[in-house]
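Peer 1: So the chains spell out like this:
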Amino acid sequence: MEEKIELSGREQRKVLFRLLSYTKPHKRMITWAFLLLLLTTIGDIILPILVKIFIDDYLQPGKLEFKPLLFLGSTYMTIQIVKSVLLFFQQVKFQEIALYIIQQLRIDIFSKVQALGLKYFDKTPAGSIVSRVTNDTEAIKEMFVTVISTFIQSGFLLTGIFITMFILNVKLAFFCVIIVPILIFVIVLYRKMSSKFYLDMRERLSQLNAKLSESLQGMSIIQVFRQEKRLRKEFGNINEKHYDAGMKNIKIDGLLLRPAIDLIYIFALIIVLSYFGITSLTYSIQIGVIYAFINYLDRVFEPVNQMMMRLSLFQQSIVAGSRVFKLLDEQQLAPCQNEEQPQSIAEGKIEFKNISFSYDGKRDVLKNISFTANPGETVALVGHTGSGKSSIINLMMRFYEFERGDILIDGQSIRDFSKNGLRKKMGLVLQDPFLFYGTVKDNIRLHNSHMTDRVVEEAARFVQAHTFIERLDDGYDHKVVERGSTFSSGQRQLIAFARTIAANPKILVLDEATANIDTETEEAIQTALANMRKGRTTIAIAHRLSTIQDAELILVLHKGEIVERGTHQELLAHGGLYHKMFLLQNGAAERLEDVVN
Amino acid sequence: MKVFLQLGWFFKQEKKSYISGVFLLLLVALLQLVPPKVIGLIADHVNEGTMTRGLLIKWMLVLVVTGLVMYVLRYYWRIMIFGSAVKLSKILRNRLYHHFTNMSPAFYQKSRIGDLMAHATNDLAAIQQTAGAGVLTLVDSLSTGGFVIIAMAFTISWKLTLICLIPMPFMALLTSWFGTMLHKSFYKAQEAFSSLNDKTQESIMGIKVIKTFGQEQEDIEDFRKQSEDVVKKNMLVAKIDSLYDPTISIITGISFFFAIVFGGKYVLNGELTIGQLISFTTYLGLLIWPMLAFGWLFNIVERGRASYDRVSGLLREKVDITDKENALEIVPCGDIQYRLAEFTYPGESRPALKDIHFNLTRGETLGIVGKTGSGKTTLLKLLIREFEGYQGEILFGGARILDYKLNKLREAIGYVPQDHFLFSANVAENIAFANPNAAAHEVEHAARLANIHDDILQFTHGYNTVVGERGVSLSGGQKQRISIARALLLNPEVLILDDSLSAVDAKTEEAILSSLKQNREGKTTFITSHRLSAIQHANQIIVLEDGRIIEKGTHEELMKAGGWYKKMYLHQQLEELVEHGG
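Chains Y and A, in that order, give the protein sequences.
Per the numbering used here, the very first residue in the first sequence carries number 1; after that it's consecutive.
Per the numbering used here, the very first residue in the second sequence carries number 1; after that it's consecutive.
Only chain A is shown next, with the shape it has when bound in the complex:
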């Protein structure tokens, strides 16, 4: 029940809804007592032959009114209580999202997206269940249960009530116990299901191997066996699930039996009328739900608490990259200096960068080359402050980048990442991502610079073509160029191209580079690339290996030096020849 305390802030916030919802629930619980009472009265009048037209009309009117009022009240408490629960999950979902947008890449490195999604879906569902059905079962089992028992004891017979209540707690106990068992067996069934899922996935991924060895039949047999296991595990679930109804049936059957046997005795004694006995049995029927609800309550609350703990744990995670006090409120511009002694990724022991020193004058282009894993991307990520905690400093326009407001620093930078990620929106929206208010001609201008304008016009809906996960599939080169356009739209002080030309052909690459040259006069550019042609014309080139600078200079200087750069350059030239068929 601790989760109700933990959710106290929300109940307080929504106290109007909850108080009125609970009040309506109580009213309904009271009104529920009316029909059985009326049944008993009518039965007695019929039995004793005292029925009159007026009496009948009066009681039937009472029933009509009770029925209609209950209908209305039942409708409204649902809106109050279930509605608030939906609101709770909305609020928590927004909070989670807000929190996610503040977390740095370090956070995303250690948590899997699938897990984060699960928190935002399954856990929120369980919490919503607690704030809705949990509250309902708590209030309803106490109120309906209480009122019915009071009505039975005080208006009919307290002795009979006591006798007939004896079997009832067993129902709450047993159903709660079944609930726990069901949860466990369901988990196992789920496991069997997911391994069947894995098996299917594997067979489809390995379809060539299976076909090669002509083992289709054998594989189907294997699948049959696994699906057998799924049936077996689900049968256990089915068996536990099928225990509920018979248990309820037997326990209420015993209560009914007691009621008829002992009640019959009291009728003969004259302590009760037959009508009262009939009311009594109808009241017993009303007790089934509160007992079930009570059993349920524990399962709901247990799951809700575990989920709430997970979600609040997630929300408590510290935001690790923040603005310093009195951070500079200006967009930086000017020269960039790296004076880096060492940088190690959190949780790793080997440094990713070591002794990185260079000065880049405003307006210059820096080319960074090196093998995969040599630290090219890391070097850029430090500049956009995706990671901090390095030894040394990076200066931009004379001040340390850490001294700027994060927002201002990033305003100066247009970043084109290695893994070109596009959103499920149309092309224009993707290009105008950083400035949704950009005019159509600005978007088009950026697209032209990135050499993608002509391609876009070929798409079925031009700039309105939806791309991304749910849109048309684009080639890697097209995606890269759209994400270049996205960065160029800002006309940023610093442009970072992180291996962003890898999927375009040599001619397009050249076109993009030359349009950049013309349009970015006086602005700084960082380019990392595997293909040396992309950085050949840079003002400075650094070659990284294992996080250190091993060569540095212009293309001509490096060719003269005859080191790694030259070897690589020649190699790539030959490769290109082969690609074109000699």
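The following block holds chain Y by itself, in its conformation from the complex:
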């Protein structure tokens, strides 16, 4: 559900102008489009004039000279055809501009999203961010393609026609101008009325769909509690209200849309005909002018109809636009790095110094964490869910900014490394490795297109992934679908290992998979982990204690604090929390009984 946004007129204009500012880079294309528009409009205006000349100069006097008539006729057809062809290009051009504007807007939002810190993603559902990038921009596209371009086209035509009318007959043109305020009045009235009713109907429709979708999801509850009849009635009521809203819209459209515009057309016709009728009582009149005026009137009203039918889109687009700009103006950026005098990671020594951290500013999830990982050593983090293991990794990877304490790499604050310098030398393997749509190879190489196939394969061999990848259809070109759901979690983990190793980091951050892994892959993973850790400083979250028995330092976390630290043997001998966890995973039933009692 989107939050409802009510915008004042001023805010609406602000959004509109900001949207229009996106046209700036396309000046050339826009100039072309307007030139084409000018030409087609001129064509539209000249054609009736040619007929007028034919009627007044040849038909009425009964002069039939072949040559001038042939010239007139062929000019008419040439202009007609050229105008139609230009019309095609003009319409395409306007749509092209709209599409490029929207593309730029999309890229801007997407880039913005990439620059945001993880904090933003925690509080914003993924679906709503996706909506900003795609659906909202699509709504804005509709406005550019249909509303704004019809508006400009109709504006041109109307102006052109009125100018010509003034040239043909100033007095009559003045009379015709009367219909402009009437038209504007109807348009404004319609916009006011319909936006209200239209919004009401959209609201009813979304209620209807929400009810339906909710009922489908909770159908078994409805049935087991025998509430089918009641819900049918409730749904029927919403449906009825939606129907009423629909009828109201039909009525408003019937009162103010096409029928009203057609009525105004008749009034314009009456003005023109009366003028000629009255004038003809005293003067003689060129009949061709009547033809031209009538013909122009026929052309004026259709674009107005088209524009009005799309007015409701305008409102929606402005709301979509305001949501998009809100995201573009979001301040919650990813933590900054000092790019001015960047350090590079040489040794890979990691120190946590009195780090305390809170996500929400209220509850500390890490309390005074200090430890050192010397180059090439492994520090393992163990503890129950919510003990703070993942938070340590989140800080280490600079996903979140910390304020209290410091993290040092090779004796320098982690903030003093450039973003790229950090990313190149630090590798992270997530607990549930995320695989992208594409091939296995793409997933190892990611966007590093210059990485050769050989490097990809070597990395896969190094982490024991080569054997299973080779057995897939198409091997490294095997298609990864639906985030890798066709792979077992162990296989996904191996591919993620390969991805990390291919980048050859100095520091390794591991979040071990918790899911059940089949024994065959388990073995591969263990060997791979041992290989990967060689010569790299490693910080690992271990769920299975068997994997970290050789770690130089094991930190046992509970509620954000380090409650025990030491090597595997030391901790076992200590007989505390680590000991119990170890028994839980490895203990036979009899030993369990001893501990529990």
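Hints are supplied without guarantee of correctness; some may be wrong.
[Said to hold, decoys possible] Only pairs whose alpha carbons sit at most 20 Å apart, straight line, appear in this in silico EDC-like list of lysine to aspartate or glutamate:
id, chain 1, residue 1, chain 2, residue 2
1, Y, Lys-229, A, Asp-320
2, A, Lys-208, Y, Asp-477
3, A, Lys-232, Y, Glu-96
4, A, Lys-265, Y, Asp-56
5, A, Lys-208, Y, Glu-401
6, Y, Lys-425, Y, Glu-458
7, Y, Lys-580, A, Glu-576
8, A, Lys-233, Y, Glu-138
9, A, Lys-90, Y, Glu-214
In short, the hints are calculated from the structure, not lab data.
Based on these hints, arrange chain A on the given structure of chain Y.
Peer 2: Just chain A now, kept in the frame of chain Y:
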């Protein structure tokens, strides 16, 4: 056009609206002929200098009246025809909903909610379009087209009419063809759009990976490329879309040209007046819409038929769980016996349950434990008749559950499902879901029993706090307890707790269990759980594995037996120790 026959029942039902709507449309089509005629007459009078004040006033009055009458008629046919179309979609939507409420879980297993939603929205929209715009384009293209042609042929010149009509059918053909092409290219553009959507979704879900490898720029580049593709596919749509106006312009241009050239000749011959020629060109202008409408009609009807087929296919799906003839009209109570040889889910080959036999005396509590997928939930679903078609029988109060009316059987049961689903309503309404007329104190009583009353009072609006998809977010434990209260409100003969205490802590669990014990004297309870503490005090415990009972007895008996149950019990005890930091 077959869809108009298929919709015959509706046209018949709404025949008043449709007949009067079509009648009004015909009147409007006739009245439309007046203004061009008047233009021609005035032009002739002006040209020939025969204009008088009286004549002018007379004709202008005719125009005023015609204009106003058309305005009124146009308003009313819209209400008749478009209004009926909206009504059709309302009726079909209600039917679909009604049908959905009758379908069993087996139906929901094989159809995706997204698809069902699409039928109820997109397909109904297409059908509504057919019953509204479809009828309009059919009637209007025939009537306006016909009347204008007749007026041109009989009141002006049939020869000129024939000549000028030659290019017109091409317009109908071409626009209909563009319509099909547009539909196809639009589909492709839609595909490109949805893959851009997927790409965005993926980047956001995988944001950590992207950040870890410092590939933000590369990913933006990838996005740019995909958005390029969207532009390309949409350009094709734009190009086809831009074909309409020029085509109409050229074809009507040719017609106009013919009219002026040949009409001019007839004027010079004296066969026509100049005024008639001007009327004629205005009539030609009126022919554009019927030709377009005709082209349109085919696209509308084609889509409408496909949608109607899908919707009626859905409505034809059989309701598979129904009452037997002469089913028992009483709410069952008493002992429950399972004598189940085998049950297999529809469409699967491996049985979900096998050889399940037990007796549960009224007032007893049965605990069911076992790994995920061992059949615990299935066992309960058979009791509430979400699925039938098993071998063997389940008896409740001495009769087979299949012999009761479904409604009566379910009246005896309060069910708390594994996936606690709450509706977008306030807390009180959610608890009183099965009995909307329950008094406030009854709701509160149920909430107290489920140990959620105090939590509710902490919510901003207490019992009036809206929950569910569009309401405040509750913790899993709170949702579970509200859904327990919902079942307890009925004070049911049989209470089923399907792993419904998994998200509450041990203390709350104990509190709920003991209040159940006190308040459900003499009533039967089923509890499935991963955590053994929840079923430890049950009268009987069964352990399921792969759909079979592997252990059975009371807690003490099972601990003595030293099997799966005991191992699990000790394991969980230790786990709890670790959770509390040793």
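Peer 1: Take the hints in turn and mark each one as holding or not.
Peer 2: Against the structure, the hints:
Restraint check: the Cα-Cα separation between Y:Lys-229 and A:Asp-320 comes to about 18 Å, which is no more than 20 Å; the hinted pair holds. For the hint linking A:Lys-208 to Y:Asp-477, the alpha-carbon distance of about 24 Å lies beyond 20 Å, and the restraint is violated. Restraint check: the Cα-Cα separation between A:Lys-232 and Y:Glu-96 comes to about 9 Å, which is no more than 20 Å; the hinted pair holds. Taken as a hint, the A:Lys-265 and Y:Asp-56 pair is honoured in the structure, with Cα atoms around 15 Å apart against an allowance of 20 Å.
Restraint check: the Cα-Cα separation between A:Lys-208 and Y:Glu-401 comes to about 15 Å, which is no more than 20 Å; the hinted pair holds. Between Y:Lys-425 and Y:Glu-458 the alpha-carbon distance is near 19 Å, which keeps this suggested pair within the 20 Å criterion. A threshold of 20 Å between alpha carbons decides the hint, and for Y:Lys-580 with A:Glu-576 the separation of about 11 Å falls inside it, so the pair holds. About 14 Å separates the Cα atoms of A:Lys-233 and Y:Glu-138, which keeps this hinted pair within 20 Å; it holds.
Under the criterion of a C-alpha separation no larger than 20 Å, the hint pairing A:Lys-90 with Y:Glu-214 is consistent with the structure, at around 19 Å.
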